[in-house]
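2 protein chains.
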Amino acid sequence: MKIHTRCELALPAWLERYLADWQEPLESAEQRMRLAIALSAENVRQQTGGPFGAIVVDENGGGLMGAGVNLVTSSELSMAHAEMVAVSMAQSATGNWNLGANSPAQLVTSCEPCAMCFGAVPWSGVNSVVWGARKEDAEAAGFDEGDKPPAWAETLEKRGIGTRSDVLREEAAAVLAQYAHGNGHIYHPGNS
Amino acid sequence: MKIHTRCELALPAWLERYLADWQEPLESAEQRMRLAIALSAENVRQQTGGPFGAIVVDENGGGLMGAGVNLVTSSELSMAHAEMVAVSMAQSATGNWNLGANSPAQLVTSCEPCAMCFGAVPWSGVNSVVWGARKEDAEAAGFDEGDKPPAWAETLEKRGIGTRSDVLREEAAAVLAQYAHGNGHIYHPGNS
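Protein chains in written order, with the working numbering: chain Z, 1 to 192; chain U, 1 to 192.
No lab work stands behind these hints, which were simulated from the structure alone.
Some hints could be false.
[What the hints assert, rightly or not] Below are the DSS-like pairs computed for lysine-lysine, each with C-alpha atoms no more than 25 Å apart in a straight line: (1) Z:Lys158 x Z:Lys135; (2) U:Lys158 x Z:Lys135; (3) U:Lys158 x Z:Lys158; (4) U:Lys158 x U:Lys135.
[As the list claims (entries may be wrong)] Computed far set for chain U versus chain Z, every beta-carbon distance over 10 Å: (5) Glu8; (6) Ser124; (7) Lys135; (8) His181.
Just so we're clear, the structure is a prediction, and the values are computed from it rather than from any experiment.
Ideal placement from N, C-alpha and C gives every residue a C-beta, glycine not left out.
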């Protein structure tokens with residue numbers, strides 16, 4: 001039986017150029033979120049995927065470990081959500097699947113993680129997660145967030161993973177609303 | 001700011017050779033599961049990752065669309081669970097993130113999906129999921145399955161995704177138990 005044996009996640013070419021205008025360290029949660037949101041907006045402008053951006057940073061030092069945007073339609077991989085991409089790029093850069101192995105790592109995402117990305121958090125070794133827009137904001141724009149446990153953030157806290165919501169929520173939600181307003185393609189098995 | 005811009009998922013070299021001994025179509029759920037379990041066992045024997053295997057098949061025709069094994073330690077990517085790998089390889093082969101776009105697709109996995117892989121199922125476009133070992137079997141072997149909604153299988157059914165549990169459960173669980181048993185031997189040579 002024959003199968004495909006490789007697949008690649010590759011950030012769009014614009015992303016590396018775009019980061020040249022940003023300065024490390026990203027000290028505050030707001031500074032970090034500003035970058036995640038900027039990536040979400042630029043991903044739409046560049047037409048490389050949905051309105052979602054995420055970064056992984058060295059929690060204490062504020063150095064950038066990885067960045068990601070939603071690449072589902074451009075990569076044809078359904079797992080290519082911004083959080084999964086950012087985590088994978090950071091793991092690839094450090095050569096370690098455990099992002100918190102040496103010092104605390106933080107995942108900062110423009111929108112509350114969906115069911116898949118929530119489930120991926122504990123496996124990645126990050127020590128905290130920060131998000132901007134809420135599930136309701138994503139749903140108002142037509143996105144499906146999947147089925148998470150009712151007290152999903154608490155399940156992360158119980159594992160020792162810090163959580164913080166609503167960081168620059170309005171700015172993050174505005175990118176989602178603008179995407180929906182612009183008739184952005186909402187990919188979903190039911191309506192693609 | 002500088003970041004890593006690519007990462008790759010690559011099946012171990014043995015897997016393609018291994019499949020040469022298997023015949024399509026994989027008609028019954030048991031035939032399909034036998035392959036998923038065989039991959040889980042061979043992945044341990046070859047020391048390329050954890051005791052988990054998965055395939056994606058054309059649900060009606062029984063053709064193999066993709067295969068995966070757990071590659072977390074060998075790829076240093078925490079998302080590289082067998083289900084994620086099999087789904088990604090199938091999407092890469094078809095050039096479509098929506099695996100059910102043309103005809104029904106089925107994910108067959110040697111063990112009940114963890115929280116991440118459960119969350120990934122609806123995004124992949126597969127029409128049904130079949131698993132062998134249960135969460136309890138994985139946990140008994142020392143694995144963490146993460147936090148899923150209490151009625152997680154029902155949430156899939158509500159989305160029109162069929163589910164079937166316990167297919168060759170004993171054989172699948174035996175691979176997990178053997179791994180746990182062998183683990184002490186492999187990693188604590190001082191004790192043997």
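Here's how the hints hold up against the structure:
1. Z:Lys158 x Z:Lys135: holds, 21 Å
2. U:Lys158 x Z:Lys135: OK: U:Lys158 and Z:Lys135 at ~20 Å, within 25 Å.
3. U:Lys158 x Z:Lys158: violated, 29 Å
4. U:Lys158 x U:Lys135: The given pair, whose Cα atoms are some 21 Å apart, holds under the 25 Å limit.
5. Glu8: For U:Glu8, whose nearest Cβ neighbour in chain Z is about 5 Å away, the distance does not exceed 10 Å, so it is violated.
6. Ser124: violated, 5 Å
7. Lys135: holds, 13 Å
8. His181: Holds, since 24 Å exceeds 10 Å.
Of the hints listed earlier, those the structure fails to meet are numbers 3, 5 and 6, in rising order.
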